[in-house]
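2 protein chains.
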Amino acid sequence: MSAASIASFSGRSVLVTGGAGFVGSHVADRLLSQGAEVSILDNFSTGWHQFVPAGARLVEGDLLDPGAVRRALEGCEFVFHLAANADVKDNLLQPRKCIEQNVVGTQNLLEGMRAAGVRGVAFASTGAVYGEATVVPTPEHAPFPVQTSIYGTSKLAAEGLLTSYALGYGFRVWIFRFVSLLGPRYTHGHVIDFWRRLRRDPTRLDVLGNGRQKKSYLHVGDCVSGMLVAIGGSGEPINVFNLGHHEWVEVDESIAVITATLGVKPRIVYAGGERGWVGDSPRVLLDAARLRALGWAPTRSIPESIVETLAFLEASPFVNDRQIPPEGLPR
Amino acid sequence: MSAASIASFSGRSVLVTGGAGFVGSHVADRLLSQGAEVSILDNFSTGWHQFVPAGARLVEGDLLDPGAVRRALEGCEFVFHLAANADVKDNLLQPRKCIEQNVVGTQNLLEGMRAAGVRGVAFASTGAVYGEATVVPTPEHAPFPVQTSIYGTSKLAAEGLLTSYALGYGFRVWIFRFVSLLGPRYTHGHVIDFWRRLRRDPTRLDVLGNGRQKKSYLHVGDCVSGMLVAIGGSGEPINVFNLGHHEWVEVDESIAVITATLGVKPRIVYAGGERGWVGDSPRVLLDAARLRALGWAPTRSIPESIVETLAFLEASPFVNDRQIPPEGLPR
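First to last, the sequence lines map onto chains A and B.
Going by this note's numbering, the first sequence opens with residue -2, and the numbers climb by one from there.
Going by this note's numbering, the second sequence opens with residue -2, and the numbers climb by one from there.
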């Protein structure tokens, strides 16, 4: 990645929404290591006090609370907007939540930025906006997709708010369509689901779908690097980048890595069906050529990332203590 | 259109949201003429009591009020969802309005439908979801667009809610991406803007942009027919149709028709620029081949539709009385 121009926020004041979460805390860490002043806005619905980096200013609050947004933005020049409801699998159980948190919440943030004169924002969108992509690997200009999940819909709406604000109010926006991420502080997704089940019963593993879903994953460290490379190498009012690995793995391959790492040999019981859940896309592989052209490339394989994720989970029993609802649990 | 299979709602109970508005009232008329029982939900923010057809059950209320939605849905089997904030040009002045009314309001309706067991819905989306299309005429599967307006963003989000509810909750949805519509009861858009200005001062006409924007328009009657043909001829869980004319006209051609019809010869003063406003797409022409394959075709030319629109405006001085804000005006 020697050719890449990595954005530096040294000496700049940056807000990270969701900065107590998986990706947000890594972004905050990286910015602090660059010498930035970092503020964090998090409501701790899925964030963790354990992840908040030392040296960051913490505003505990919700994007739906304009006062919290205003306080969080005080003195800031740029925003990494990573706070979100990321529950892609279960969004049909609480269909309003994604819209409130990811659409209305994002607009609250953008309105706060307008009022405060902050015009630069990087946003975590998702490959889910491609629905069931008809072109794989999927480029940013893939055919107009049908939205298959409220989660994807909410992220696409947030993208549209950002691009509209770029054109209408002079914002400069970086939109990143992530694949699923892995690595330290991962607390949500199939690896933790399988890990929890295998801790409970190492002799049997229940799997959604038929095990043949094939998806790409990315290490959170490579993701943070990708964002900084994109911001360093592009500066249009609107900048949209896929951010994913060129590799993908089947669920069954992932299970093989997980069970081998944990030293267990469960009987695998498939729920059946091509999709793991309603709105699940059975094939996810993003074409990240646009970002690669700026000099970025992943540094870890997907199996390496799975192993590192498991090491984090094994060393962090607290992530297994939080159940739904998360309220009232020890921090 | 002899080959087309037109949906009949005879004997069925149908809710038309926005049924006191331009398109909604025409839909309600057509359904009543088929022998349907029609309920209308309208908050009269842009609707008119003059447009509510005799024989329809009227619920005066807002999509943001769950009680009003519940009352409106009582006994209904199908919904035409036409209520919306349609102010594409000025949405940057009130950026939250489109999201509240078109996204949150649409989700309120869908949640009301879930609760009431209503599963069929036809929805008025917009060609604005294509942003500045790179392919013209623009088909439904055009390359993934960048959203250029909060209006388009809000409609695309509503589309995503419908398709997610189709997959997640067993809805059957028809999504129509309209071009701008013309005809009787038209009260919003460039024809009324020009008509108002020329009534005030027939010697001068101020025009946004450079007059070269080229767009397609459709007569509201052809639009209603198109929806019924689509519903009659398709029945997937998700059905997406462009709905627009194969003709398009430049702003200057439109002005020529308007001034000739009104018998005025104003000096034309252009504001300049390729776009009429931020987020305006200078070229709008939708590829409606999918709907045409079902036997639909427009029956009026665009100039004919402009002339008919002007005839309505001349005969309906009340539409010129309502200014922003519309509250408190005589109905």
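The hints are simulated quantities; they were obtained by calculation from the structure and are not laboratory data.
Certain hints may be false.
Said to hold, decoys possible - Computed from the model, here is a short list of chain B residues facing chain A with C-beta under 10 angstroms:
1) Ser42
2) Thr43
3) Glu137
4) Tyr148
5) Leu153
6) Gly270
7) Gly273
Said to hold, decoys possible - What follows is a list of derived Cβ distance ranges for each label pair:
8) B:Asp249 <-> A:Tyr166: 29 to 35 angstroms
9) A:Pro234 <-> B:Ser42: 28 to 34 angstroms
10) B:Arg68 <-> A:Gly52: 51 to 57 angstroms
11) A:Leu61 <-> B:Pro63: 15 to 21 angstroms
12) B:Ser2 <-> A:Val132: 46 to 52 angstroms
As the list claims (entries may be wrong) - Computed footprint of chain A on chain B, listed as stretches where at least three residues anywhere in the stretch have a Cβ under 8 angstroms from a Cβ of chain A:
13) 220 to 232
14) 250 to 257
Bear in mind the structure is a predicted one, so any value in this text is a computation, not a measurement.
The beta carbon of each residue, even a glycine, is placed where N, CA and C say it ideally should be.
(request) Compare the structure with the hints numbered earlier in the document and write down the numbers of the violated ones, lowest to highest. (result) Hints 1, 2, 6, 7, 12, 13 and 14 not satisfied by this model.
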